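Engineer: The primary structure of each chain is shown beneath.
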Amino acid sequence: MLFALALPGAASAAAQPQQGDLVARGKHLYGQYCIACHGANGRGVEPPVPNSAGAAPQRAQNQQNAAGPSLQGVGALAADFYLRTGYMPLREIGKQPRRNRVLFSEDQIRALVAYVASLGNGPPIPQPQPERGNLSEGMKLFTEHCAGCHQVVAEGGYVTGAVPPPLENSTAVQIAQAVRIGPYVMPRFSEKQISDRELDSIIRYVQYAKHPDDRGGWAIGHLGPVPEGLVTWFLAATALITVCIVIGKRLKSE
Amino acid sequence: MSRAKDFLVSGAVLLVSRLRRKPKLHGRERVVPTGAASPGWELVALLLLLAAALCAVGFIVVYVLDRLSHQTQWLGLSLGLSFVFLAAALIVTAKHLIVTEELEDDYPLVEYPEEQETIAQVVDESGSRLTRSGLFKLGLGAAGGAIGLAVLTPIASLGPGIDMDAFVRTPWRRGRRLVDEQGRPLRAADIEEDTFYTAFPEHADKEELASSLVVVRLPESELRLPPELARFPANGIVAYSKICTHAGCAINLYRTPLFKPIEPKPALVCPCHYSTFDVATGGDVLFGPAGRKLPMLPIYVDANGELRAAGNFDGPVGPSWWGVRMRKPENGSGA
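Line order of the protein sequences matches chains E and W.
Heads up, the first sequence is in the numbering used here, so the first residue is 1 and it goes up one at a time.
Heads up, the second sequence is in the numbering used here, so the first residue is 1 and it goes up one at a time.
Hints are supplied without guarantee of correctness; some may be wrong.
As the list claims (entries may be wrong) - Computed spacing ranges between beta-carbons, pair by pair:
| id | chain 1 | residue 1 | chain 2 | residue 2 | range |
| --- | --- | --- | --- | --- | --- |
| 1 | W | L15 | E | G217 | 45 to 55 Å |
| 2 | W | A156 | E | S136 | 32 to 42 Å |
| 3 | E | V246 | W | V122 | 25 to 35 Å |
| 4 | W | A303 | E | W218 | 52 to 62 Å |
| 5 | W | S157 | E | I247 | 41 to 51 Å |
| 6 | E | G217 | W | P154 | 43 to 53 Å |
| 7 | W | G291 | E | R99 | 33 to 43 Å |
| 8 | W | V151 | E | F234 | 18 to 28 Å |
| 9 | W | R169 | E | P47 | 40 to 50 Å |
| 10 | W | G291 | E | I245 | 43 to 53 Å |
| 11 | E | P47 | W | L152 | 54 to 64 Å |
As the list claims (entries may be wrong) - Using 20 Å as the maximum straight-line C-alpha spacing, the simulated SDA-like pairs for lysine to any residue come out as follows:
| id | chain 1 | residue 1 | chain 2 | residue 2 |
| --- | --- | --- | --- | --- |
| 12 | W | K260 | E | E92 |
| 13 | W | K265 | E | V45 |
| 14 | W | K260 | E | R188 |
| 15 | W | K260 | E | P183 |
| 16 | W | K260 | E | I93 |
Think of the hints as simulated: they come from the structure by calculation, not from any bench.
All values reported here derive from a predicted model rather than from experimental measurement.
Note that beta-carbon positions come from the ideal geometry of N, C-alpha and C, so glycine has one too.
Please model the entire structure based on the sequences and the hints provided.
Structural biologist: What follows is the structure in structure tokens.
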């Protein structure tokens, strides 16, 4: 009865809500927005097997092909990441989650994160300290682990079947979370591979790369040598044609 | 075949007709006025041609002297200068060594044989200001020949023409340990799923084409390796050459789904042209321009829990070449 009355966001009246309250409100929100794909108690929903005999196709239609991974044990880290980037709720099931308008209020996010964290023994929200990191080490690590997909200045790029996003709007906490989760088809990097200290350096480099020092001249979208080469070709072609015209003119006037 | 014969015959006819026409030109009345000889400009043009030839030879020398510092810059400079000198020589020739004339009428149409001869005569006589035409032709030939040779030199870098053994030689032998960049042996227990590792052979040159590996771990139930490789999934850990079989780029993209049922399946992706290789089936091409599968290195876990090679790659490493499918790296059994 109480749950039914509590409107989303309206419950912030309580000055300092108890952890139990928060979880309860999160559970209510979960039932409203998340349960169709992630299942009751965050158990996950397997996608219906296509072409299976019996009533399965009919059932699948009724559920609108809802499917989602289990949230047990993903912890506050993952819940906070997906909600604050607007990745969740997902627009279309099976498609890559994209950065989007955040649909929940701050209070609602806190409640949902508390509820998902209560589902299992997951990791907490990381607290990176990029100011402790080393910029040059960060660049080396970013080049080694991240630049293959996200480009060396974190502008994003392409892989077959996915679009590695640009990191220009990513906060330090979100970068730290993404590295540990590996959203969509991104690899996951554990603390054995990238320590928290190294992660600080990587984040420091990404923050630096948002405002690069373009000593080479025009950045042209920071896309690398292709647009630069194209512009050079146009300039060089103009120069060459000019030279040709000058040579031709002189000969004629003699 | 018949087309080649046509080319040969028509080429021969052209050559013969050119040779025969020459003597006819003498003894006719001049069309082009005789210009004043200018030996000074001639010398300048000859020196420019010589400089062009020397720069082109310089390009070949720099090319042969591998491991020169700033080699690329020197190559560009020498070939660029060579073209600049050639262009300057041609400009000098056109402005000072060819007879220029004021024309009131158009040249006669080229339909009649006599008029064709007149045009040939005009071309011939235009060079009459040259006092050392033989030497000049020699200079032009030297510059043209040297530049042509310089442009053809890089063909030597296309690789060995006959000996293909170098392409199938690899540093991997049965029992050789896999180490990371710092030389620490890779332990099976440290290899996690959903991420990737780069490995090298212990005590071997990391720069060699066949040295670097990508190591990934999959749940053993997901592996569908071909029969000849099925014996070698070391607890679900598989190792592939890091060099793409298309253009030889280093593969540093590993796509691995977070929610397996509906997301793209795990694959190694080359960043250059997006060749995509299935890690579960022994490196089959899923997408992209690569023409053959990524070579897989059979590995096993030794008594200490460290990863070791169980043999050699199942196919040649690196970009494809003539006859690549007929060769396999030797299955080294030493050490």
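Engineer: Need the list of violated hint numbers for this structure, in ascending order.
Structural biologist: Violated hints: 5 and 6; rest satisfied.
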